[in-house]
Amino acid sequence: MKVTIDGISIDVEPGTSILNAARQIGGDIVPPAMCYYSKLAGSGGKCRTCLVKVSKGSEKDPRPMPKLVASCRTTVMDGMEVQNITSPEVIEARKGVVEMLLINHPLDCPICDQAGECDLQNLGFEHGSAKTRYEFDRRTFERIDIGDKIQLHMTRCILCYRCVFTADQITDHRIHGILNRGDHSEISTYIQAAVDNDFSGNVIDVCPVGALTDKTFRFKNRVWFTKPVEAHRDCDHEKCNGKVTLWYKGEDVLRVTARKDVYGEVEEFICNTCRFDKKKTSDWVIEGPRKIANWSVQSANHYQTLHPLPVLKTNPALIEANKEQFERETRL
Amino acid sequence: MGRKLLLEHINVPGINTFEVYRKKGGYAAVEKALTTLSPDAIVEEVKKSGLRGRGGAGFPTGMKWSFLAKPEGVARYLVCNADESEPGTFKDRYLMTHIPHLLIEGMIVSSFALGAHASYIYVRGEMMPQIRILERAIAEAKNAGFLGKNILGTGYDLELYVQPGGGAYICGEETALLESLEGKRGNPRIKPPFPAIAGLYGCPTVVNNVESIAAVVPIINDGGEEYAKIGLGRSTGTKLISAGGNLKNPGVYEIELGLSCEEFLYSDEYCGGIANGKRLKAVVAGGSSVPILPANLFLKTINNEPRLMSYESLSDGGFATGTMLGSGGFIAFDEDQCIVRNTWNFARFYHHESCGQCSPCREGTGWMEKVLHRLENGHGKMSDMDLLVDVSKKIEGNTICPLGDAAAWPVASAIRHFRDEFEWHVTNASEAVTRNYGLAHYADPLTKAEAV
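Sequence order for the protein chains is A and B. Using my numbering, the letters of the first sequence correspond one by one to residues 1 to 332. Using my numbering, the letters of the second sequence correspond one by one to residues 1001 to 1452.
To be clear, the hints were calculated from the coordinates, so they are not data collected in a lab. Hints may be right or wrong, so weigh each one.
The following residues of chain A were derived to be distant from chain B, with all beta-carbon distances above 10 Å [unchecked claim]:
1. ASP11
2. PRO106
3. THR216
4. ILE292
In silico DMTMM-like pairs for lysine to aspartate or glutamate, Cα to Cα no more than 25 Å straight-line [said to hold, decoys possible]:
5. A/LYS95 to B/ASP1390
6. B/LYS1393 to B/ASP1405
7. A/LYS39 to B/GLU1179
8. B/LYS1184 to A/GLU268
9. A/LYS243 to A/GLU268
10. A/LYS131 to B/ASP1384
11. B/LYS1229 to B/GLU1305
Beta-carbon label-pair distances, calculated as ranges [claimed, not checked]:
12. A/HIS237 to B/PHE1319: 35 to 41 Å
13. A/SER9 to B/GLY1378: 56 to 62 Å
14. A/THR140 to B/HIS1352: 43 to 49 Å
15. A/THR132 to B/MET1382: 16 to 22 Å
Note that the coordinates shown come from a computational prediction; the quantities given were computed from them, not determined experimentally. Built from N, CA and C at the ideal position, the CB exists for glycine as well.
Kindly generate the complete structure, drawing on both the sequences and the hints.
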C-alpha cells in the first residue's frame, strides 16, 4: 500500500498505522507519541500528541477526514495522503495537547530522576511554550511505594496507560489500574498492594515520565553523567533473554534497564532479577557502548563535536577563513 | 394540537401495566412485524420514515441499522442507550417511568429487524425505580408470550436484559456504554472499528436511544411514509422535548418537528411562557452540550426568519449564530439568571464527568472550570475570555469521543454571545457577586448580521 506523509511516499504492509509508516520513513516527519507503545497491544490513541491531518483518505475515496486523527491508531489506506509537520493545523493542535499535558505536570525536572530521558521533556522542549498560561494549583498526590523496588509518584503521571497495558500483557495477572476519573484519576494498585511479579520492573521502562521510578537508582545520579553499555547474561527466566543496557558511573553499575530504541521503546522486556539484582560487572558479558541519539541530552559530555576556537592570527585572510571554518563546524 | 405518537395514551390510568397497554392497541407492532414483515422490510420502513437518532447526534436510524455487519455465525446485539444524563434532558426517564411497554415493544421489533437474540437496555444507575419498572414490564411481556422462546409462534427468540450502569455521564457515549456493559471501566473506545462492525463482545452491535427505539413502534404501525409526513423536511416525526428552567409549565412535551420556537415557548399548550412574568434571556435548546443562544437569536434566525424546532432550523447559522436540537433538553433562562454562573456550572459538570482517558479533555475541562469559577467570583481578568475560547478550541475535535466537543461548545458559545456579561464580571467584580447583569440587550430585535 502506498502512503504519502508530508510529501514522502512509502510502500507499507496493509494494516500498518500511519505512525509506523512514518517511522519507516524516519526523520522529522515522525509524529511524537507519548502513549503508543509498539510492543503493547491496544496502547495508543490517548495522549493525542500524534494527531495528524489526513488530506486524502485513499485512492478510492479521496475525501479528507473531517477531524485530525490519532496516527498511532489509524491504519493506512492505499493512496492515503497525510500531513504532519506541513500542516499548521496539526502543529497548532499539537501545541495545545502539549500545553494540556503540562498544565498539571509539576515541571520539577531539576529534581526528577527521569530528566534527560523523559519523553515529556523532549516533547515540551520541541513543542511547548516557554511560559504557562495556567495560574492554578497543580494536582498533587502522595508518593507511594508499589513493592520494594518501584516508586509511584502520581503527580508526574500523564495517564498514558502504558504501565496498565504492561501489567495486563507482560505480567501474568493484572496488578494495577486506573482509579477515579477525569483529572483526578490515578494509577494505583488496589488498596496500595505491593506489585509482586517477575516482570513488574518493566513498568519503569515504559513510563514516559518520572512517575514510575526505580528505587534502587533514585537520586543516585543524573542520567547524562552515566555511561550506557550494552551487555547480556544467561538469564534462567524462560521469558527473559538477558539483553540489557548497563548504566555505568566510573566502575559501578548504577542501574540496569532494557535496551531502548530511538523512540524510547524497549527492544525486549527484561525480568526483575536482571534489573534489580545483578549490579556487578562480573554478572554481565559486555558487548560495547550503547548508541544514543545525538539529539539526546544523555549523550552530553560523551562526544566531542565542537573544536575549540583556532589560535588567533593577525593575517586578515586567515581570520576570515577561521571564521568560516568555525561557523561551518558550529552549524553542525 | 400536535399529533402525539409516543405519548398518546400517557394519561390513561394503568398504562404502565401490560393489560391496559395491550387494550390500547399495544404490541400491535410486534404482531405486525413478526408475522407479516421480514427484517429487511422493517429496516426499509424505518429508512423511509426518515427517523433520526433522538439521542443527540441526529444520525438517521435506518442508515445506522443498514450499516450493521451480518457475518455468518456471529451474534448480533441491539443495545438501548437509556443512560440519559445530559443536564436538562429527562425525556427517556419520563417515557420509561410511565409507558415502559412502548420501549419493550420497540426493542422487540428492532431486535427482530436486526436479527438480535439478546438485547440489552443499559439504564443509568441512578434510575433505580425505572430499572424496577422495566424489569416488571419485561416479566409481564414474557408472561404474555412476547419475549422468550418462539415469540407468537414465529420461531423468533429474544431475551431482553436490563443492565444498570454506575451513573457516569461518559457511559452514554456508545462505545463507553459497551465497555461498561462488558463489565470494564467505561472508557470510550477508539474508532474505527465502529460498533456496527465490532461492538459488544466484539460482535456487530447497534446502540440506539430510548426514544429512537420507541419511535419504531408508530413507524411499524402506520408505515414509514405516514410517519415521514409529520414534521418538516429532513426532520420527520415527533420529538420529546424535556422543557426545564424558568418556565411556567416545565415538563416533557411531544412536539411535531417544525413547530415554531416561539409557539413552543409561549403557547399554553406547551411551556406557557416564562414563569413569574419575567422576560426570556437565553435558551439552551438541546441539552447542556449544545451552544447557548440569547433570546433574540433563539426566536429568530440571523436572517430574521422565525426559528423552528427542527434539526435544520435550530442549526441554521452554524456555530456562529445557531445551536442544535441535540437530545431535546430545553432549558430557558429568565432575566435574573447569570450566564457566567451557568457556564461555570456546565463546565464543572464536564470536568467532573470527563473520563480522563485523553489529555485535552482531561486537563482542559478542569482548566476551563477553574477560570470560569474565578470569573464568577470576581477574580477574573479581561484576558480570561480569550483564554477560555482558546482552550475550548484546543479541546474541540482533538479528543477520542464527543465529550470534549460537548464541554467546549457551551463555553465557546456563551463567550461568543454574552461577552459583555463576562466583561462586566471583570470590570464590576464586586457588584457581580451581589447582583446579576440582567437582561441587557439580549432580547432586542436583531438589526444586522453579527460580525463573526
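Would you check the hint for B/LYS1393 and B/ASP1405, treating anything up to 25 Å between C-alpha atoms as holding?
The given pair, whose Cα atoms are some 9 Å apart, holds under the 25 Å limit.
Status of the stated non-contact between A/ILE292 and chain B (beta carbon gap over 10 Å)
holds (28 Å)
If you check the beta carbons of A/THR140 and B/HIS1352, does the distance land in 43 to 49 Å?
violated (19 Å)
Take the C-alpha atoms of B/LYS1229 and B/GLU1305, compute the straight-line distance between them, and say whether it is at most 25 Å.
holds (23 Å)
Against the 25 Å threshold, does the CA-CA distance of A/LYS39 and B/GLU1179 hold or violate the hint?
Measuring from Cα to Cα gives roughly 23 Å; hence the hint holds.
Is the straight-line distance between the alpha-carbon of A/LYS243 and that of A/GLU268 25 Å or less?
holds (8 Å)
Is the hinted range of 35 to 41 Å satisfied by the C-beta distance from A/HIS237 to B/PHE1319?
Because 57 Å falls outside the window, the suggested range is violated.
Assertion that A/ASP11 lies farther than 10 Å from chain B (Cβ):
Nearest chain B Cβ is 23 Å from A/ASP11, so the label holds.
Whether A/PRO106 stays farther than 10 Å from all C-beta atoms of chain B, as the label says
About 14 Å separates A/PRO106 from the closest Cβ of chain B, which puts it past 10 Å; holds.
Decide if the proposed pair is consistent with the structure: B/LYS1184 and A/GLU268, CA atoms, cutoff 25 Å inclusive.
At roughly 29 Å apart (the allowed maximum being 25 Å), A/GLU268 and B/LYS1184 break the hint.
Holds or violated: A/LYS95 to B/ASP1390, with C-alpha atoms at most 25 Å apart:
Within the cut-off at roughly 12 Å; holds.
Please work out if A/LYS131 and B/ASP1384 have their alpha carbons no farther apart than 25 Å.
Holds. A/LYS131 to B/ASP1384 sits at ~16 Å (cutoff 25 Å).
The structure does not agree with the numbered hints 8, 12, 14 stated previously, though it agrees with the rest.
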